[in-house]
Amino acid sequence: MHTWLMKSEPTAFSIQDLARAVKKTTHWEGVRNYQARNFLRAMQLGDEALFYHSNADPSAVAGIVKIVREAYGDSTAWNPKSDYYDPKASPDNPIWSMVDVQLLRIFPREIALEELRGIKSLVGMELLRRGSRLSVQRVTASQFRTIKSLATNNRVDAVG
DNA sequence: GCCAACGTTGGC
DNA sequence: GCCAACGTTGGC
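In the numbering used here, the protein residues as written are 361 to 520.
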């Protein structure tokens with residue numbers, strides 16, 4: 361199993377929106393960056409991803425989702441009415457991919473970006489890199505574990 | 001293939 | 001709302 365981090369602006373789609381969705385599942389549509397798309401394509405059934413609220417107050421990791429369908433063509437790319445429309449894409453040549461994710465858990469408390477920056481074992485994490493913008497990122501197993509335990513353990517020093 | 005211009009992301 | 005960082009576009 362691999363672990364990932366996926367960003368969403370909560371004003372567009374929050375983890376609470378996912379909790380309300382049918383089967384707590386959604387298409388992760390609209391990724392329009394090649395590196396992020398390639399990560400989507402590398403995802404395998406059962407992989408887990410941190411759900412990150414970007415451009416939020418505060419920006420924070422809010423929970424965990426599971427990949428329940430591997431990459432397939434992102435149909436919003438050939439829908440002229442979609443915000444994510446790409447005239448170069450078509451059903452025969454999707455260009456862009458999406459996966460389906462299902463909510464695993466909403467953390468009892470969010471882990472804000474500022475808090476993550478204070479955790480020694482997370483130094484070097486892609487999310488914390490200056491200028492990091494990638495909306496789908498790889499996360500190491502140990503980074504994933506650290507953040508998961510932070511969410512249920514207030515003793516930050518225990519894992520920092 | 002270089003690189004300036006432009007658009008977007010996202011923290012602050 | 002500002003703006004740094006980054007990716008993409010397109011002229012040459």
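The hints are simulated quantities; they were obtained by calculation from the structure and are not laboratory data. Glycine included, each C-beta is placed from N, C-alpha and C at the ideal position. There's no promise every hint is true.
To be verified - The calculated label-pair distances, taken between Cβ atoms and stated as ranges, are:
| id | residue 1 | residue 2 | range |
| --- | --- | --- | --- |
| 1 | Ile455 | Asn513 | 39 to 45 Å |
| 2 | Ile455 | Ser509 | 37 to 43 Å |
| 3 | Ser442 | Ser509 | 36 to 42 Å |
| 4 | Asp443 | Lys480 | 22 to 28 Å |
| 5 | Arg469 | Leu494 | 22 to 28 Å |
| 6 | Ser481 | Met361 | 30 to 36 Å |
Tested hints:
Separated by about 42 Å at the C-beta atoms, isoleucine 455 and asparagine 513 satisfy the suggested range of 39 to 45 Å. Separated by about 39 Å at the C-beta atoms, isoleucine 455 and serine 509 satisfy the suggested range of 37 to 43 Å. For serine 442 paired with serine 509, a C-beta distance near 39 Å keeps the hint of 36 to 42 Å intact. Between aspartate 443 and lysine 480 the C-beta distance comes to about 39 Å, which lies outside the given range of 22 to 28 Å.
Between arginine 469 and leucine 494 the C-beta distance comes to about 25 Å, which sits within the given range of 22 to 28 Å. The hinted window of 30 to 36 Å between serine 481 and methionine 361 is violated, with their beta carbons roughly 20 Å apart.
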